[in-house]
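Number of protein chains: 2
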Amino acid sequence: MPLSEFALIERYFRHRGMARADVILGVGDDAALLQPPANVELVATTDTLVAGVHFPDGSPPASIGHRALAVNLSDLAAMGAQPAWALLALTLPEADESWLSEFAAGFGSLAQAHGVALVGGDTTRGPLCVTVELLGHVPRGCALTRGGGATGDALFVSGTPGDAAAGLALEQGKLSAPAEARAYLRERFLRPTPRVALGQSLRGCASACIDVSDGLLGDAGKLAAASQAGVELVFSDLPVSQPLLAALGEQRARELALTGGDDYELCFAVRAQDIARLNATLPPSQWGYTRIGSLRTAPGAVVLRDDGSVMEFSHSGYQHFA
Amino acid sequence: MPLSEFALIERYFRHRGMARADVILGVGDDAALLQPPANVELVATTDTLVAGVHFPDGSPPASIGHRALAVNLSDLAAMGAQPAWALLALTLPEADESWLSEFAAGFGSLAQAHGVALVGGDTTRGPLCVTVELLGHVPRGCALTRGGGATGDALFVSGTPGDAAAGLALEQGKLSAPAEARAYLRERFLRPTPRVALGQSLRGCASACIDVSDGLLGDAGKLAAASQAGVELVFSDLPVSQPLLAALGEQRARELALTGGDDYELCFAVRAQDIARLNATLPPSQWGYTRIGSLRTAPGAVVLRDDGSVMEFSHSGYQHFA
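Protein sequence lines, in the order shown, are assigned to chains A and B.
Numbers 0 to 321, taken from numbering that gives the first Met the number 0, label the letters of the first sequence in order.
Numbers 0 to 321, taken from numbering that gives the first Met the number 0, label the letters of the second sequence in order.
Okay, chain A solo, but in the shape it has when bound (with noise of 0.2 Å):
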């Protein structure tokens, strides 16, 4: 039975997310009204989900609303700031109840382990689409950029990257592993780790930062650019993980790690000078990041194998299992 748009609103999105103090006035309004902190500055993203672009379609509606902030909460993380309030445009073909209901039970849970309340949204009938505009803050003047590295910084990279690849194309079809592989490959896809914490602790250490949603290659590429600067990337110091060598072998497995795409891992770059304050404050250990080269005078991004050699790389991520 199809539910009226305030029904929709009222039934599983006014108490989804965190409460928070700051939210003045939240869903049910015209607008939201909110309590930013003195002497912050504001950070305001936004990223769209389509189906059968950013996710197969019959993706796990919980998956989907988990995803549709996650990215968002990444870009927060790139900035070093702190999540407070998400809005939700969402357009449905239909009100399927089981689905808004998995769906903001995703959405809900990642909202509140950040700390994020949900302020309001709009839900409209058409292809499904789910676009998050998440806003929160920085202490004035504190935000990491992509434009601040310079020549000679140190490159660093979180997580493990190209498993989120491998985990679509498991779900594609596209790709075969062993059981376990699979279902750590799947789970990086359908529920990525934004990495916010890491973020706010990289500010005053971090020269410039940002999040590695579509391969690791150009957008390492990117933060380089911002930078006036190149970046030159050590082929062998790629952190791959286990399930991805199992499922790959180790040179696919890294060749993925640079060119796949929606791991929401962190990118950030460290003048000489303070990589032991990083080690030391941020131990690589606890907190999971390698270093993966530097940034050069010469602009673009190279690769380097061992032996000093450049390899050549295209950026299409996506067809890699086509």
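Treat the hints with care, as some may be off.
For chains that are exact copies, the list does not tell them apart, and a pair is met inside one copy or across any two.
Claimed, not checked - Derived SDA-like pairs: lysine to any residue, alpha-carbon spacing no greater than 20 Å straight-line:
(1) K221 to F234
(2) K221 to Q171
(3) K221 to G25
(4) K221 to T280
(5) K173 to D273
(6) K221 to L24
(7) K173 to N38
(8) K221 to G27
(9) K173 to A153
(10) K221 to R10
None of these hints come from the bench; they were simulated from the model.
Chain A is already provided as a structure; the job is to place chain B on it using the hints.
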């Protein structure tokens, strides 16, 4: 020739809207950085337009760009807020450059007119769908809400509701009208005027406010319900435009003023003791609003004839010309 997402953003959206000194970092990083003024509350809203649902397929792209921002400006107007920053999530079936150029022009000129900077967004491939998120601010404690009204308050509406619904019906070939009326009414649908200045001027004067997007009768009912009251409208007091009268005659014009959607006018309540000040500060002839009824004790929304008898209405403005 298809453009990459990056090129699209660069070419059509980077410099759209107003340049604002409070935009520390706009389009081009993982998120935007914004500097809110001191002593304000943030006001945040989002609305989506879906092709074939919120506008007919083949609508002029400039109108889609205008309306996508206008519907959000209208939400901020209803809160008495000053708009500042917009994010645009644009899902497109293809990167048609002439479509994009016209869309961006429609969006951009309305943004300029209201001092709104476009600070970020996301472009994705998929069925045509436009979501705008608009942020603004209001002096602390001064926002208008739906819930501030009380029994006995006078109820007003800006402009001449019903025009946009007639314009849409003309667009869809479901209504005919004399040429002059036709041009006016189509324009009211294609390029509605959000009442941003009126909303701000009503702060401290109106007790409650809502924007009329789903039909005056229904939206006035929502304001009344949020104010723990009912609403009584006087049929013969409903303002209707000359072109609407020319197209529909008096009875049907007033019916459409009650139930038609897409007007983006403001409906607001004013305490009896504040009406003289309202009329003095904001002369109705200059600001274009009309008293249409009152809030009353009994819940629900009713419309009275001149003889005091109650008219029956369904809310389904969309089915008027089916």
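These are the hints, each one checked on the structure:
1. K221 to F234: For K221 and F234, only the intra-copy Cα distance (18 Å) is at most 20 Å; the inter-copy one is 61 Å.
2. K221 to Q171: Answer is neither: 29 Å inside a copy and 46 Å across each miss the 20 Å cutoff.
3. K221 to G25: between (36 Å within a copy, 16 Å between copies)
4. K221 to T280: neither (27 Å within a copy, 53 Å between copies)
5. K173 to D273: Result: close neither inside a copy nor across copies, 43 Å intra and 69 Å inter.
6. K221 to L24: Only across copies: K221 and L24 sit 16 Å apart there, 38 Å inside one copy, limit 20 Å.
7. K173 to N38: neither (50 Å within a copy, 55 Å between copies)
8. K221 to G27: The answer is between: 10 Å across copies meets 20 Å, while 40 Å in one copy does not.
9. K173 to A153: Classified as neither: same-chain Cα gap 35 Å, cross-chain 65 Å, threshold 20 Å.
10. K221 to R10: between (42 Å within a copy, 17 Å between copies)
In summary, the numbered hints that this structure violates are 2, 4, 5, 7 and 9.
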